[in-house]
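Peer 1: As a plain string of letters, each chain reads:
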Amino acid sequence: AQSVTQLDSQVPVFEEAPVELRCNYSSSVSVYLFWYVQYPNQGLQLLLKYLSGSTLVKGINGFEAEFNKSQTSFHLRKPSVHISDTAEYFCAVIHNNDMRFGAGTRLTVKP
Amino acid sequence: ETGVTQSPTHLIKTRGQQVTLRCSSQSGHNTVSWYQQALGQGPQFIFQYYREEENGRGNFPPRFSGLQFPNYSSELNVNALELDDSALYLCASSLVVQGNTEAFFGQGTRLTVV
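Those sequence lines, one after another, are chains A and B.
Sequential numbering from 1 applies to the first sequence in the working numbering.
Sequential numbering from 1 applies to the second sequence in the working numbering.
Chain A on its own, in the form it takes in the complex (with noise of 0.2 Å):
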C-alpha cells in the first residue's frame, strides 16, 4: 500500500519569505498526487494535484509542486508567502480510490 512523509510537522517563516514544504511517498505502483490546505476548524481545500503530464504543477494562491519520480517526492512551494497562508497542509497520495494522507505540516507565516 501506499505511503506519505512530511518530513517538517512545523515551518515557521516571515512573511514575504519563500517557503518549500516537503512530502516523500512510497507506493510500488503509479499514484496521483495531491496537496490540501486546511483552515482551523474547517474542511480540506485542495490546492494542486498531479495526475500525468508536466512534472510541475501549479495550484490556487500561487503555490506550485514539482512531481520527481525518481526521488519519490512531491514538494509543495511558494516564492513569497503572506499571512493568510498559515494553515495546515496536507499531502495525499491516491491509488485506486485508497488515498492516504501524510501526518500534516503546519505553516507559520510571520510578520
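Hints are computed from structural coordinates only; laboratory data are not their basis.
Keep in mind that the hints are not guaranteed to be accurate.
Cross-link-like lysine to aspartate or glutamate pairs, in silico, EDC-like; alpha carbons within 20 Å at most [as the list claims (entries may be wrong)]:
id : chain 1 : residue 1 : chain 2 : residue 2
1  : A       : Lys49     : B       : Glu102
2  : A       : Lys58     : A       : Glu20
3  : A       : Lys49     : A       : Asp85
4  : A       : Lys58     : B       : Glu102
5  : A       : Lys49     : A       : Glu88
6  : A       : Lys110    : A       : Glu15
Knowing the structure of chain A, use the given hints to seat chain B on it.
Peer 2: Same frame as chain A, now just chain B:
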C-alpha cells in the same frame, strides 16, 4: 465551496452512546469516503461507498458503519462511543468513472465524546 455538506457541524456525546453523522455529496458524484481526523493528525481513512456498496475499509472496528443512499448521500454511524472517538469527521465525494479522481471534502463534523 465544494458542494459537499455535512451535518451537524458540532456534536457532543457521552461515552457509550451512538451517533449518526450525515453527508450530502456533490451533485453527480457516485462515491463517498469518510475520514477521521484526530487533533494534530492527518485524516485517516474509515471506509468508502460506491453505488451504495462498501468499497474499501480502513483500520477501524465494526462499530464504525456506514450507508450510502440512492441519491448518493451518506451516513456514518458509530456505536458504543469511546473518548478516543473525539475527532473531526470528514466526508469526501468523488465521481469515479475509471482510475483515480479528485475528492471534494465537506467542512467536517466535530465530535466530542465526554
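Peer 1: I'd like to know which numbered hints this structure contradicts. Please list them from smallest to largest.
Peer 2: Checked against the structure, no hint fails, so every one of them is satisfied.
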